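Undergrad: Chain residues, written in single-letter form:
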Amino acid sequence: MILTRREFGKVLAAAPLAAGAAQQQRLLYSINGVGIGLETFSFHDLPPAADPRLIPTIISNMREIGIGECEIMSGHIEPWPTIATGWWVQSRRAPGFQQLREDARRWRLSVPMSYYANIRKQFEDAGLRIYLYNVNFNETFTDEERDKTFEAAKALGAAGFSSSTVISEARRLVPFVERHKMFVAMHNHNNLVDPDQFATPQSFETALALSPYFKATLDIGHFVAGNNDPVAFIRKHHDRTVNIHVRDRKRNNGPNRPFGQGDTPIAEVLRLIRDQKYPIRCYLEYEYGSFRSSVDEVKTCLDYCRRVLA
Amino acid sequence: MPGLLPPRAGIVLIAVFAVAAPGDAQAPRGKADAGGLPAPTPELERGRAVYVLSSCHFCHGVDLTGAQMGATDLMHSPLIAADQNGNVIGPVVRAGKPNLQTAMPSYPDLTSQEIADLAAYVHYLRRQGRYRELTMDGDDQGDARAGETYFNANCAACHSKSGDLTGVAAKYGGAALRARVLRPSDDRAPTGTDRTAVGRLQHGKLLERYAPADVRNLISFLRER
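Quick note, the sequences are listed as chains A and B, same order.
So in this note's numbering the end of the first sequence lands on 339, straight run, no missing numbers.
So in this note's numbering the end of the second sequence lands on 438, straight run, no missing numbers.
In short, the hints are calculated from the structure, not lab data.
Quantities reported herein were computed from a predicted structural model and do not represent experimental measurements.
It is possible that some hints are incorrect.
[Stated by the list, open to error] Taking beta-carbon pairs under 10 Å as the criterion, some of the chain B residues facing chain A (in silico):
#, residue
1, T315
2, P318
3, D322
4, S325
5, F364
6, E437
For each residue, glycine too, the CB sits at the ideal point set by N, CA and C.
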């Protein structure tokens with residue numbers, strides 16, 4: 030599941046062929062050789078978890094925007110609110126959390142793989158691809174649950190995971206990535222206080238040293254908010270970076286801003302990836318405030334990327 | 214309310230309780246956008262703009278319900294209950310919370326006016342939400358003695374069961390009495406210094422702080438002959 034540069038080019042070229050002839054002309058997979066996709070977190074106005082309109086709305090949104098590939102959140106796949114994953118430590122103290130977490134675990138262990146395969150089919154029928162399954166592995170997972178989650182990613186057709194996780198959980202995941210031969214790309218935030226969090230180059234390097242199946246999903250906005258340099262990171266770790274989350278934040282834990290208005294060197298990063306032909310996918314993540322719809326704002330984000338990659 | 218009101222404010226509170234319509238008059242009007250429904254006044258709409266354009270709604274919800282990603286439930290947060298005109302909200306928003314698992318961003322560039330507008334809007338959302346939540350309770354079987362204690366501590370400076378509230382339980386039955394207790398007047402913009410505004414402000418603060426049992430107990434006390 031780990032792609033060389035040549036294989037990456039083939040995937041980008043072949044992806045539209047998988048779609049219907051009418052669809053392939055409208056869907057975008059790359060701009061000047063730079064792989065483009067989106068993180069489904071960008072859609073803030075979706076129906077709630079378990080709503081039968083959820084997946085069709087994501088598909089409809091992606092087609093309206095014209096982007097063909099995504100990293101999909103587990104909260105958009107599993108019929109549970111995202112706090113049921115146990116990732117947010119604060120949420121573990123919420124009333125009813127333990128029951129919710131236990132119900133979600135029971136569901137994960139019993140749901141047939143056809144559930145995930147059906148979602149994959151809906152995407153593929155629309156000419157879309159789920160490239161990464163975003164699951165936030167954490168200490169509330171049992172080993173059996175971790176195994177099932179890897180099986181789920183395969184059934185979705187994902188190449189691997191993106192994961193907001195912690196270093197201690199990465200250590201637990203080593204035998205799972207080795208056994209399933211599937212990568213987990215660590216996603217960073219910008220908590221510089223907790224040394225278990227992914228936020229600095231050192232935290233990534235600690236995980237990358239644990240297994241060749243560990244990769245990076247570098248969120249360049251959060252990285253800058255933590256006063257780190259994404260350009261330097263990508264130059265050093267381009268061979269272990271699966272994708273980046275493209276967002277614009279201010280330094281010093283500053284806010285999300287519309288693309289081009291924060292401190293994140295989006296243009297420099299995208300051009301570096303283009304010019305060096307790094308096989309790094311660039312996934313849009315919309316999270317700045319707006320009164321407009323998520324679809325409209327993701328289109329604006331995409332327009333910005335088109336301009337800087339022109 | 215003792216200690217919080219200027220002299221003679223109680224007279225105004227009595228008037229507010231007695232004559233104003235219950236709160237559905239302040240339901241927002243207009244078409245929803247990605248930041249929720251438009252606010253009912255220009256002042257609150259300014260606050261909504263700060264709330265939405267700072268992307269507070271992505272984590273705390275467009276109406277303070279459905280807090281996501283481990284964000285604080287602002288509908289029930291004691292910090293929001295303690296806030297007065299942004300004196301608690303402002304420092305938190307400006308500094309952010311970098312030590313949270315996914316770090317709440319800081320907003321150091323917000324002006325004092327923007328913080329005040331933001332705080333007013335958050336309190337407005339909270340009153341709206343608490344009103345909905347507490348009117349859905351439906352259980353009016355409380356502890357009248359506990360209600361009397363609450364009344365004496367929080368209401369007696371302005372109201373008297375044998376004075377302005379004589380017969381109130383007979384006049385309003387069930388849900389209507391509960392609605393009167395929760396929101397005796399339109400408090401969409403409880404600003405200003407006049408006596409009516411002060412009364413609205415105090416009732417708004419109580420609405421933000423009531424526990425469900427407080428309301429049940431108060432209703433039981435008011436119904437007691």
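Undergrad: For each hint, tell me whether it holds in the structure or not.
TA: Comparing the hints with the structure gives:
no.: 1; hint: T315; verdict: 5 Å, holds
no.: 2; hint: P318; verdict: 4 Å, holds
no.: 3; hint: D322; verdict: 9 Å, holds
no.: 4; hint: S325; verdict: 18 Å, violated
no.: 5; hint: F364; verdict: 29 Å, violated
no.: 6; hint: E437; verdict: 32 Å, violated
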